[in-house]
Amino acid sequence: MIKINNTAIRTCNNYSVNDFELDENLVATTLPDITSLSIVGERDNMKLESFANFELKHPINYVLDKQAKEKGNVNLFFEINKNLTTPLFIDLSKNEKLASNLQIDVLENISAQAIIKLQSKTISYNNSRVQINLKKNSQLDIAFVYDTNACNLVSIEGNFDENSKINFNLFDFCNNVSVYNLYFNLFGDNATSSIKTIYLGKNNAKIDINYLNELYGKKTDAKIEVVGALNDSSEKNFKGTIDFKKGCKKAYGSETEFCTLLSTDAKSKALPILLCTEEDVDGKHSTATGQIDDKQMFYLMSRGLNKKEAQKLILKAKFNTIINDLFDDSLKNLILDTIDRKFE
Amino acid sequence: MAKTKLEELNTNIYDFKNADNYDYKIKKGLSKEIVEEISKQKNEPSWVLDIRLKALDAYNKLTMPTWGPNLDELNMDDIATYVKPKAKIESNWNDVPEDIKNTFDKLGIPKAEREYLAGVGAQYDSEVVYHSIKDELKKQGVIYTDFDSAIKEYPDLVKEYFTKCVPIFEHKFIALHYAVFSGGSFVYVPKGVKLEMPLQSYFRLNSPESGQFEHTLIIVDEGASLHFIEGCSAPKYNKVNLHAGCVELFVKDNAYLRYSTIENWSKNMMNLNTKKAILETNAKVDWISGSFGSHISMLYPMSILKGNNSSTEYTGISFAGKNQNLDTGFKVVHIGKNTSSVVSSRSISKNGGIATYRSLVRILPNATNSKCSVSCDGLMLDDISRSDTIPVNDVQNNQVSFSHEAKIGKISEKSIFYLMSRGLSEEDAKALIVRGFASPVSKQLPIEYAVEMNRLINLELEGCIG
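The listed protein sequences derive, respectively, from chains R and C. Throughout the first sequence, residue numbering follows this note's numbering, covering 1 to 344 in sequence. Throughout the second sequence, residue numbering follows this note's numbering, covering 1 to 466 in sequence.
Note that these hints are calculated values from the structure, not bench results. There may be inaccurate statements among the hints.
To be verified - Among the chain C residues that face chain R by a calculated CB cut under 7 Å, a handful are: (1) Asp382; (2) Val392; (3) Phe402; (4) Gly409.
To be verified - In silico lysine-lysine, DSS-like type, Cα no more than 27 Å apart, as pairs: (5) Lys410/C / Lys219/R; (6) Lys246/R / Lys407/C; (7) Lys218/R / Lys337/C; (8) Lys295/R / Lys239/C; (9) Lys245/R / Lys322/C; (10) Lys371/C / Lys407/C; (11) Lys410/C / Lys316/R; (12) Lys316/R / Lys117/R; (13) Lys249/R / Lys165/R; (14) Lys414/C / Lys246/R; (15) Lys407/C / Lys223/R; (16) Lys246/R / Lys322/C; (17) Lys407/C / Lys218/R; (18) Lys337/C / Lys245/R; (19) Lys410/C / Lys250/R; (20) Lys246/R / Lys371/C; (21) Lys322/C / Lys223/R.
No experiment lies behind these values; they were computed from the predicted model shown. Just so you know, even glycine gets a beta-carbon here, dropped at the ideal spot from N, CA and C.
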């Protein structure tokens with residue numbers, strides 16, 4: 001076992017939440033050339049290069065980080081220099097093993113959208129590094145969609161300058177091991193980050209989500225919203241940290257997490273951390289775990305829906321606040337279709 | 001708003017010290033010889049020494065925590081683990097040596113005993129110097145004595161429960177505790193006996209560069225009820241003192257226990273205490289905790305909801321000032337069905353103090369129909385302090401209702417403005433808001449202790465806000 005995805009601050013070891021223990025046999029030792037890479041976007045509005053050379057401050061694990069950085073079979077660098085009218089779409093689905101490096105820079109006063117999709121039954125390994133850099137007054141709406149049977153290991157770092165804004169969405173519908181490591185650095189005054197995540201765990205899926213927001217700039221704003229459901233023997237750890245650094249006066253941070261347990265064998269852990277060295281801030285978090293309300297189920301089933309249909313309807317309603325706010329209609333449909341499929 | 005920053009005032013009313021007069025003080029450090037010498041000094045049975053030596057072995061094997069406050073300042077080679085005062089246990093205050101009696105007089109213990117307590121235990125350094133209980137309770141079969149006497153007088157009862165709630169190997173500092181424990185209280189409340197007035201044990205550490213390792217074991221039998229109050233303090237010295245006590249609570253079917261602590265250790269104290277309760281069917285334990293003192297605290301009382309329908313509440317406040325790192329919180333494990341827990345924690349940090357709320361809620365697979373609600377609030381009174389919340393919530397079955405919420409921030413400027421518009425000064429307005437913030441804890445205490453806690457808050461606030 002190798003320990004990955006360490007929390008920003010450690011707590012008692014007996015709680016088994018400080019890190020995620022990954023079976024090292026799941027780590028690919030060979031990385032063949034990729035067979036498919038689909039990029040759709042407005043080429044005139046961006047610079048695209050096939051290399052990406054960046055360091056991550058808080059990678060998922062240094063060995064895995066080195067593997068992707070040195071042996072990566074996908075390397076992409078996007079510099080978006082004009083407003084995009086349609087989202088940049090990157091599809092890496094039709095590959096067997098991936099180790100990728102993706103850097104997206106959005107220049108000053110530019111707004112852009114991007115969708116990164118990995119949806120495939122054939123892929124067995126994904127070790128992904130992502131860096132997002134938002135310059136002054138820029139905005140990025142971005143969504144990552146993971147729906148695989150792979151060992152899915154993802155590190156994402158964001159650096160946000162003054163008045164920049166990111167609407168970050170991550171969807172996990174995987175059936176194996178999914179580990180997400182996210183580090184956002186809000187160093188510019190008035191920088192804003194909104195992180196939204198939906199997960200659906202099935203079978204023996206293990207999901208480990210570790211989000212860290214460091215707020216340095218004045219009047220920065222960081223929100224984390226995570227909603228999901230666990231079925232069968234699936235397990236989820238959510239570790240969310242909002243770290244108010246000294247000087248981030250008038251900053252705001254909130255994190256909410258709601259997990260619905262659909263099975264008696266499913267397990268949910270949450271570690272919502274608030275760290276604060278600045279007095280003049282407003283921080284809060286809330287988490288809740290429970291089952292679907294019996295009365296709601298009874299009502300829907302009395303109207304003719306079977307158990308799965310009723311569960312699906314109620315969960316879709318819980319997910320709706322996130323899905324409705326998505327920036328692209330085709331993305332909304334993709335998410336809704338995937339949820340439908342997961343309940344078949 | 002402008003702030004008037006004053007130096008931390010020396011307002012600690014507990015900071016008075018007696019000469020370091022002792023009957024016997026063991027050499028500093030921790031070794032097999034020292035552990036055997038403590039056992040010899042206490043003339044205790046061999047089975048207790050066996051536990052001590054097993055614990056010493058555990059201490060040497062276990063590693064220091066890799067989380068929480070930095071404990072580098074603690075060097076066991078600088079700590080004397082056993083200090084026997086020049087006094088033997090008495091049941092009449094007049095028989096207690098003058099300087100020690102004066103200490104407890106200043107702390108208000110004899111007065112409290114006369115007015116509203118059913119029994120009192122007072123420990124000075126490593127030994128209990130006074131223990132008393134009302135006669136009518138004795139007649140009802142209530143046992144309230146010091147722990148050393150309990151080992152000799154009630155060996156079967158002690159053997160049945162000792163180390164069964166908090167095992168020797170639980171962590172490094174509990175292993176240390178079992179190796180060198182001395183003093184503490186033993187309480188047994190028989191079936192159906194309900195104590196109307198509280199019992200109180202007070203622990204005073206006077207000797208510099210020493211440790212206090214008292215063991216408190218309480219058994220509340222079926223249908224019985226008890227309110228137990230624990231107080232602790234020490235004068236301040238330049239070098240580190242250590243407190244690594246242990247509290248084991250057994251609360252049987254349909255029994256009730258309220259365990260209240262007002263802790264005001266001196267600001268050179270490392271307070272690495274362990275408290276745990278095991279609750280049987282339909283039992284209830286309420287924890288009330290006020291942490292004001294110590295240089296470093298790692299204190300996480302724990303309830304094990306073993307029996308069906310058992311329940312627990314935790315209401316706690318910590319107040320971290322200059323050079324203080326108070327890492328406190330609560331742990332609860334739901335094992336039985338229909339169990340419930342309610343956790344409410346408040347922390348205040350000021351003058352560079354660090355207040356951390358660290359917790360665990362674990363709901364196990366068989367704990368169906370369990371409910372848990374947690375709320376924790378952190379209040380920062382200046383921009384040189386730190387306030388963190390690190391809660392772990394582990395839910396392992398789907399028939400539960402669990403919620404957790406936390407807030408962190410400063411005193412609302414709107415609230416201050418409102419109160420100032422009603423004629424209060426800025427300082428009074430802030431103090432009023434802080435006292436209101438702490439009121440969930442003080443409301444749970446007997447009135448005399450609530451007054452004491454509010455007085456502590458006032459002293460802590462003096463000179464730090466405005």
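* Proposed proximity, Lys117/R with Lys316/R (alpha carbon, max 27 Å) -> Distance of about 21 Å is within 27 Å: holds.
* **Residue hint Phe402/C, partner chain R, criterion CB-CB below 7 Å** => Holds. Min distance 4 Å.
* Does the alpha-carbon distance linking Lys337/C and Lys245/R stay inside the 27 Å limit? -> violated, 42 Å
* Is Lys218/R close enough to Lys337/C, meaning Cα to Cα at most 27 Å? -> Violated - the C-alpha atoms of Lys337/C and Lys218/R are around 48 Å apart, more than 27 Å.
* Would the pair Lys245/R and Lys322/C pass a check requiring their Cα atoms to be no farther apart than 27 Å? -> The hint holds at about 20 Å.
* Asked: Is the hint on Gly409/C kept, meaning its closest Cβ partner in chain R is under 7 Å away?
  -> With a closest approach of 5 Å, the Gly409/C hint holds.
* To do: For the pair we were handed, Lys249/R and Lys165/R, check the Cα-Cα distance against 27 Å.
  => holds, 18 Å
* Restraint satisfaction for Asp382/C [CB to CB of chain R, less than 7 Å] -> holds, 6 Å
* Asked: Is Lys407/C within 27 Å of Lys223/R, Cα to Cα?
  -> holds, 14 Å
* To do: Would you mind confirming whether the straight-line C-alpha gap from Lys371/C to Lys407/C stays at or under 27 Å?
  => holds, 21 Å
* To do: Using Cβ atoms only, decide whether Val392/C comes closer than 7 Å to chain R, and label the hint accordingly.
  => holds, 5 Å
* To do: Take the C-alpha atoms of Lys407/C and Lys218/R, compute the straight-line distance between them, and say whether it is at most 27 Å.
  => Status holds; Cα separation ~19 Å.
Going down the numbered hints, you'll see the structure goes against 7, 8, 11, 18, 20 and 21, while the others check out.
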